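> Single-letter residue listing:
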Amino acid sequence: MASMPHLLELKEVRREFDGGRIVALQGVSLTIEAGETVAILGPSGSGKSTLLNLVSGLDQPSSGDVRFDGKRIEGRNAWADIRATRIGIIFQNFCLIPTLSAEENVELAMMTQRGGAIQRRKRALALLQHVGLTARAELRPSELSGGERQRVAIARALCNNPDILIADEPTGSLDRKGSVAIMEMLRELHDRTGATLLVVTHDPSVASYCDRHIEIVDGRITRDRAQRRGDARLATTSIG
Amino acid sequence: MHLATLPIRNLAGQPIRSALTILGVAVAIAGFIALTGLTEGAQHSFASGIDEPGGDLVATQRNGYSLLSNSIPQSLEKELSAVDGVDAVSGVLLNITTADDEANVVISGWPPDSFMWPNLHLVAGHVPGASEPWGAVLGETIVEAFGKKLGDTIELQFQPYTIVGIAAFDTVLNQNIAIVPLAGLQELLGREGNVTLFQVRLKRPLDPDKVTAVRARLATAADNFAVTTTSEFSGNLRFFRLMQAIASTVSVIVLATAVLGIANTMLMAVNERIFELGILASIGWRPSRILGLILVEGLAISAIGGILGVGLGLLAMIVASSSRLSAGLLEPYMTSGLGLQALIAVFLAGPLGALYPAWRGTRLLPAEALRRN
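Chains A and B are the protein sequences, given in the same order.
Letter by letter, the first sequence follows residues 1 to 240 in my numbering.
Letter by letter, the second sequence follows residues 1 to 373 in my numbering.
Rather than coming from a laboratory, the hints here were simulated on the basis of the structure.
Quantities reported herein were computed from a predicted structural model and do not represent experimental measurements.
A virtual CB, placed ideally from N, CA and C, is assigned to each residue, including glycine.
Warning: the hint list may mix true and false statements.
Listed next, the stretches of chain B that the computed footprint assigns to chain A, with coverage defined by at least 3 CB atoms under 8 Å from CB atoms of chain A [to be verified]:
#: 1; segment: 246-259
#: 2; segment: 279-285
Some chain A residues near chain B, calculated using beta-carbon distances under 7 Å [unchecked claim]:
#: 3; residue: 43
#: 4; residue: 58
#: 5; residue: 59
#: 6; residue: 62
#: 7; residue: 63
#: 8; residue: 74
#: 9; residue: 89
#: 10; residue: 144
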């Protein structure tokens, strides 16, 4: 019986910038299975965001191989299609279109799929309801708080029922209370849907929501270990 | 939310820049419409004006540059009249002159026995008789514009003429015309024995074969002269061809300016929104879809500017044609062909101007674009 392919697989991935003067990743190899919760930890400039960009096809490796679901993905269109259907990305700075409302920002991610405007709007509103933003659906990002913006971004990431949620410093722009809410939400989504969760963070308390921790320093994986959940959960007691 | 929502919001987000670009396109399209329309209008005005008095064919100088400078000996009238199938021939001397030193009008000299006099639709007065060498029949528009009435005097070619008749015409050219006896006008212009053209009326009934045959005979009789239908006549004038060439050249330049304006605006807009394009890529928009979005934005600018431009162009034509300097030669002339050309220009200018910015906007890797926040 053939074994299931890895959801994500990196083989000797190297990423250089500025004509090779900057090396962000130096021959990184790693596999991530479907349903895992993985935190990629490391200090600023260690290469963790570059890694995230590579596994989501937002960037291309200088050398090495990135495979999604066992397949080597060639070309921007192929990666765009995967991001449209199988990957949901959440950014530290939310990455919302400022001229669109919260609901429209969510809808925007569904415009690559079949279906009419009414269906899209219904689904966008349902997702915003799920993240507790029903009353804020018509507001623009500038009218929302940081936590609310991140919840819009989560709703957007969920709109196409992705196999994997990739979050780049999802709590980086939030206060501790907001951070807890967002991480609880992501973990709950994983528990409920079984989607793989890949979180890039430099914060061990954020990483504690994940079961596997990969540490990167200077573009190399220095540690990859299973982690007992709740070891360093975000403390909310310090607020107020 | 639909596909146009984002481009519309983007344009609305930079209202002054969008408005200025739209205005730039509008002025370019207006320039195209006005230049081409007025050129074609002048030609049309001449053709229909020449046609109105009832001639079937026109004999005139071959390859004449401008109608007014054309010269043909009046003596040719006899030879043309003798051609089989010709009913009547009338010499016509045309010029543009100042009326009462105020505005330009077309002055047309007809011989006293011209077959065209009875074709005039007089609303008042009569045609100049043999004893009225300085009598004139004026078009209604010119009479109204100058506040004249029957019996008043109007100075044409520095000669006081008495208004003996007022005629109604369908064409803009003739509404602004002053028709006077030929001999007096020849004397005033120093062109005794010459006319500008001959109007030729053919014997009835008319059929196309007959017209062709008579035309060939006339061409033989009037060797070295051109015998054409009235519509061909204006089209053959080099002056109009030159006008068309100038109008086309200037139109191409103004349209190119519009394309560059759109390109500049879109380039700025794309540069400012590289990050947004990165967001779209990150949520699974293909480069072609993002490219389409930018092209739609360019098209929207172009379409709004185009609609405004057509309106402005029509307005410019109306203003130009109502000018007292136009001598009734200019008329607002908007054809479906001209509209179609403007439409094509509009639908090409927008996407063409947006193409390079769009390409630039999509060639970046999404991660690179997202770093431009």
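> Give a verdict on every hint.
Status of the hints after comparison with the structure:
no., hint, verdict
1, 246-259, "violated (count 0)"
2, 279-285, "holds (count 7)"
3, 43, "19 Å, violated"
4, 58, "4 Å, holds"
5, 59, "4 Å, holds"
6, 62, "12 Å, violated"
7, 63, "16 Å, violated"
8, 74, "14 Å, violated"
9, 89, "5 Å, holds"
10, 144, "16 Å, violated"
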